[in-house]
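Undergrad: In case you want the letters, here they are:
There are 4 protein chains.
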Amino acid sequence: MINVGIVGATGFAGEELIAILLRHPEVRLTNLSAIIDEPKPISGLFPKFKNKIDLICTKPDIKKIIIDSDLVFLALPHTASMAFVPHLLKAKKRVIDLSADYRLEDTGIYEKFYKTKQKDKLHLHQAVYGLPELYREKIKHASLIANPGCYPTCAILALAPIAAFNLADLGSIIIDAKSGVSGAGRKFAEDFLSSVFNEDFKAYKVNVHQHMPEINQELSKLSHKKISVTFVPHLLPLNKGILETIYIKKVPSTLPGRQAGKYRAPSLISLYKKFYKKEPFVRIRDEGDFPSLKDVNGTNFCDIAIKEDPKSIIIIAAIDNLLKGASGQAVQNMNIMYKFGEHTALI
Amino acid sequence: MINVGIVGATGFAGEELIAILLRHPEVRLTNLSAIIDEPKPISGLFPKFKNKIDLICTKPDIKKIIIDSDLVFLALPHTASMAFVPHLLKAKKRVIDLSADYRLEDTGIYEKFYKTKQKDKLHLHQAVYGLPELYREKIKHASLIANPGCYPTCAILALAPIAAFNLADLGSIIIDAKSGVSGAGRKFAEDFLSSVFNEDFKAYKVNVHQHMPEINQELSKLSHKKISVTFVPHLLPLNKGILETIYIKKVPSTLPGRQAGKYRAPSLISLYKKFYKKEPFVRIRDEGDFPSLKDVNGTNFCDIAIKEDPKSIIIIAAIDNLLKGASGQAVQNMNIMYKFGEHTALI
Amino acid sequence: MINVGIVGATGFAGEELIAILLRHPEVRLTNLSAIIDEPKPISGLFPKFKNKIDLICTKPDIKKIIIDSDLVFLALPHTASMAFVPHLLKAKKRVIDLSADYRLEDTGIYEKFYKTKQKDKLHLHQAVYGLPELYREKIKHASLIANPGCYPTCAILALAPIAAFNLADLGSIIIDAKSGVSGAGRKFAEDFLSSVFNEDFKAYKVNVHQHMPEINQELSKLSHKKISVTFVPHLLPLNKGILETIYIKKVPSTLPGRQAGKYRAPSLISLYKKFYKKEPFVRIRDEGDFPSLKDVNGTNFCDIAIKEDPKSIIIIAAIDNLLKGASGQAVQNMNIMYKFGEHTALI
Amino acid sequence: MINVGIVGATGFAGEELIAILLRHPEVRLTNLSAIIDEPKPISGLFPKFKNKIDLICTKPDIKKIIIDSDLVFLALPHTASMAFVPHLLKAKKRVIDLSADYRLEDTGIYEKFYKTKQKDKLHLHQAVYGLPELYREKIKHASLIANPGCYPTCAILALAPIAAFNLADLGSIIIDAKSGVSGAGRKFAEDFLSSVFNEDFKAYKVNVHQHMPEINQELSKLSHKKISVTFVPHLLPLNKGILETIYIKKVPSTLPGRQAGKYRAPSLISLYKKFYKKEPFVRIRDEGDFPSLKDVNGTNFCDIAIKEDPKSIIIIAAIDNLLKGASGQAVQNMNIMYKFGEHTALI
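In order, the protein sequence lines correspond to chains W, G, X and F.
According to the numbering used here, the stretch in the first sequence is residues 1 to 347, in order.
According to the numbering used here, the stretch in the second sequence is residues 1 to 347, in order.
According to the numbering used here, the stretch in the third sequence is residues 1 to 347, in order.
According to the numbering used here, the stretch in the fourth sequence is residues 1 to 347, in order.
Be careful, since some hints might not be right.
Since the list gives no way to pick one copy over another, a pair counts as held whenever it fits inside one copy or between any two copies.
[What the hints assert, rightly or not] Here are the simulated lysine-lysine pairs, BS3-like style, with alpha carbons at most 27 Å apart:
id	residue 1	residue 2
1	K221	K311
2	K225	K311
3	K311	K274
4	K90	K138
5	K205	K249
6	K40	K63
7	K278	K52
8	K307	K202
9	K311	K226
10	K277	K225
11	K311	K273
If you're looking for bench data, these hints aren't it; they were derived computationally from the structure.
If you're wondering where the values come from, they're calculated on a predicted model, not measured in any experiment.
Produce the entire structure from the sequences given, and follow the hints as far as they go.
TA: Structure, rendered in structure tokens:
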């Protein structure tokens, strides 16, 4: 049983973290805080939690958070996390940070895309990128997890086997991404909705979105090449879910049907199944079977389908942006860190 | 640990039952059946269940169901249940029937509203109406539960204290009900959606809906008067959730602030809180605080708000039609029948 | 050909006014203004108007508006209109005010419900309530139109024949109203959407909404009785449309089938058809045929269905809140004032 | 004034055609037919047309259609049109066919993608592909118009300048298309909705959709090269609108900033503006300004935005699939054929 605090309890990710942790048998929620005018019961802010939890949500008080918690989730906008992490780590607390602050190893890129200084370089190199499918061993012992972004989680899982074994023209990757409005946090959703309402759809931040360098970083590390994807996100008129349609050109010399590292597989689908064989939250679809958002929403799964054409590969991957794309993955990381069952509380 | 079968596993209620029971520690799903052309893995029919359950869904085979199951949920359209119940009860199986077949004590009314014969009068009088808030003791020992309809669950919980203590003009009850499209079963939702799509809203079955007599029956039993409500259902352009706005005229002689049975309360809100004090899934809102669908969707709660005006009472109540209005309540009944914790698996 | 200005061109009503007036053969749009930071082409603010109109939208400059316009539409929040009307009327301009400022004859009620002073009592009594079905003759010669609210337009049209001829228990009227989110103006829609998104539904301002006294005023004038309705509005997860379900108790002495003023009719439906016979934008449905929002959205129609039961009357009425409930009706009023065909530009 | 018949009046395209033609001053609707059980007033089938048109919709009677009509719109599923066209052309009627039957010049491809014979090769070569931006002169004199598909209209307009002047790697075109559910006809929308509802999104017919060869045909004709695009359509949880995000690789030798046919332009945006300068229904967005569905829905416009990166070009184009993608374009073609103003009735 561990004591857990959440800073940023009133955002989408914070709300979802509470919902998950309320059904976690090894967790006691002990401190909820957020930037609010005055303390309020969390069940007053989210009536759905009435009769389930009556903790008071307060402004963040770092001393109290340290006293109350073994582990702290930071569900904050970028830059805000850097104000908490040094104190928490100094006090020997473990931290799972859902912001972007500790995800990018290159602070120049962080500063270019987030328009702010990375002010905590000291702890940046301690941070473990919290994608269990790639970094499970490191996560076990981490004191600071940089929980991945939603678009990157989906894109990296969709492309990891191809990047790792250099199975296509890695310079040609195009990611056409579509997300429900909660993807960008409560504040952004409000702005977006003000102009959009129900019957709209549009692209935004065309090829300049701040999640692009995160995808590039991880694919480059996997492939040992400098990868630079084309990335166009769109906003769907629905609450949650991300679906990415990814296009890559083939290169003749590296098609499967041959050895790919320790795997040997007759098709990409078969290779992906082997690659993710032991992963509890990645599901590879059979030939011709493509995921819908409704298949993954409400779950921590990432569903991946692959269609090979003579010249190109089309990959379609889907996640719930608030679960596998944020709070579900954060709890998966916690489960790994504390040796709880990796599935625990993740329905 | 009990073995459970579901007949009608491919409808909305069946799908939701599977989702709940998959996280129930005392239940083993052993038989899934539905009217389908050929046997298929349930995870092929609902890809979201992939990696969670790989049971094959077959056509219903009553002998096999009896062998496989201790308890059977019937998630079938009305009239279909009557073909299964006699066999199951004869074989000493317990049954929770989500159809309307065993809900109405007056077979004449059943036949008028459902346009079909009640062919199993023998077991009709054994059936217990599965609303735990009214019939928990009987449910404990029941072999056949008639699980309530979605609109009636919401309406009866919203009106029970007033009906039980005759606190208003019970002849004046008006129920203006609004439901997501899943409320009427998958088949109906398809027909509805074909003409409606996203940006529509309408009333249907104005004052002739088949759930009206079910509401009348239970309110009449509570009040020992013959009650006949006005009931107008509407279809909302969303997937799930029921919200009912109920209007009742006051009668001077029976206002609260006086004794109401064993309760004494200064206001209706206060009376309702006492009435439902021990109920795990009923939440009474404070003055001026009204429920939204988002407060109850995904939960087994019924949220109830009351506004008293000098001449009338307005009650607003909300449930998730697939949970407290169907499968959640069915599992709540199962939990009571088998002395599992009443909350088990109901997040 | 008249020159027309719109103050408040960037709200929902202003946007819709522009769309309608762009196809009006007798209107030249000459001045668009709104509370904005700096002048912008209206087609920059609403890209859908590109290639159709390139007028610059500026801050309101009353002198320029007076020079540019014969008629001015005020599509402003309440209280803002009172700052423009005196200047415009003094300059002999005709004004159609879409705000609530000149709708309520009783300034005490205005001040109670709108929490602000009615500061222009001088012109208040000149204002004509712009519901053509009741006040067409006065509208012809009016210099100031108080364009009705959206909920009141629907409710008053739905109840006018019953109120005018006292055909039911006018003390028992209950209006259960449902509106798309645009009903309350762009600012409100933003706030609402921030918490609601797609899959929600809720009541708000339960029996205290500021449109209630407007309904009471007009029904009282029609019936020569003091009428006080019960009014509960709800917000639908869709962009536009209002549907109201109205409940009234019958009184034996005043049923139809007898003389009702100059009409004689065997049923209420038949009476309504006679009452609205010459109205271009009211459609009475036949027995058992109920309106959907999709039947009226995009049109200036009000569709009304009536169901009589032995003890009560249920009326279901629907309008597009931005057309018959706001800008469409405003243009209908303009057409009457200038003797244009009443249908002109109202598709 | 011409007499117009519509075969297939009850589908989405037929319904939209009626709505447009009702406001067309040069058109008299004289014959409405569809595959229905018995004759019904069109305003009974679509209550929104009440008080606007009371024509009876019957089963198609070719003799009566010929007597009643100068021009016939066929708003039918593919293969059905081929049963009407020969009779109508023989009787010297002009025909605008909204189906796919006469769009593909290569009958082998038609038969492969539509799984049926092209049985009217005689008239196939008379058909003019009804995209006014490319074929306006031929449309003027055509007796048979093959009205383009919705996806192809958007894709071809988005790519025509690049294809015509060979300005990029035409072998690398990827079209990631997203459509509202009405895009595929009423029958398909029903099937789709049965499994999808509000909160879903998915790809379908991944790189095998029947609109792909239509895009290939027209781009190949423009470029005098054999072009084969990658095309992945997706279904959006909204009623109408198509947005396509298109990716093309640059080739150094053919960048703009040089002569492109008769145009000379410093950027692609500038080139597109020149190319479509005289087109009433194509709008090219300025740098950094991308279209939303709400900008084009309800209009006959195609909005196109272009983003150039060092290595690739991203084009985002949007139309209302029922207007510029079907019925609006059909009326635009009629306006051209009969020398009516090209804008007439297209708001």
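Undergrad: A separate judgement is required for each hint: does it hold in the structure or not?
TA: Against the structure, the hints:
1. K221 to K311: Close inside one copy (26 Å) and across copies (23 Å); limit 27 Å.
2. K225 to K311: Classified as both; 22 Å inside a copy, 18 Å across copies.
3. K311 to K274: within (23 Å within a copy, 34 Å between copies)
4. K90 to K138: within (20 Å within a copy, 58 Å between copies)
5. K205 to K249: Both, since 24 Å and 20 Å are each at most 27 Å.
6. K40 to K63: within (19 Å within a copy, 50 Å between copies)
7. K278 to K52: Answer is between: at 14 Å across copies they meet the 27 Å cutoff, but 34 Å inside does not.
8. K307 to K202: both (26 Å within a copy, 15 Å between copies)
9. K311 to K226: both (23 Å within a copy, 16 Å between copies)
10. K277 to K225: Classified as within; 26 Å inside a copy, 44 Å across copies.
11. K311 to K273: For K311 and K273, only the intra-copy Cα distance (22 Å) is at most 27 Å; the inter-copy one is 33 Å.
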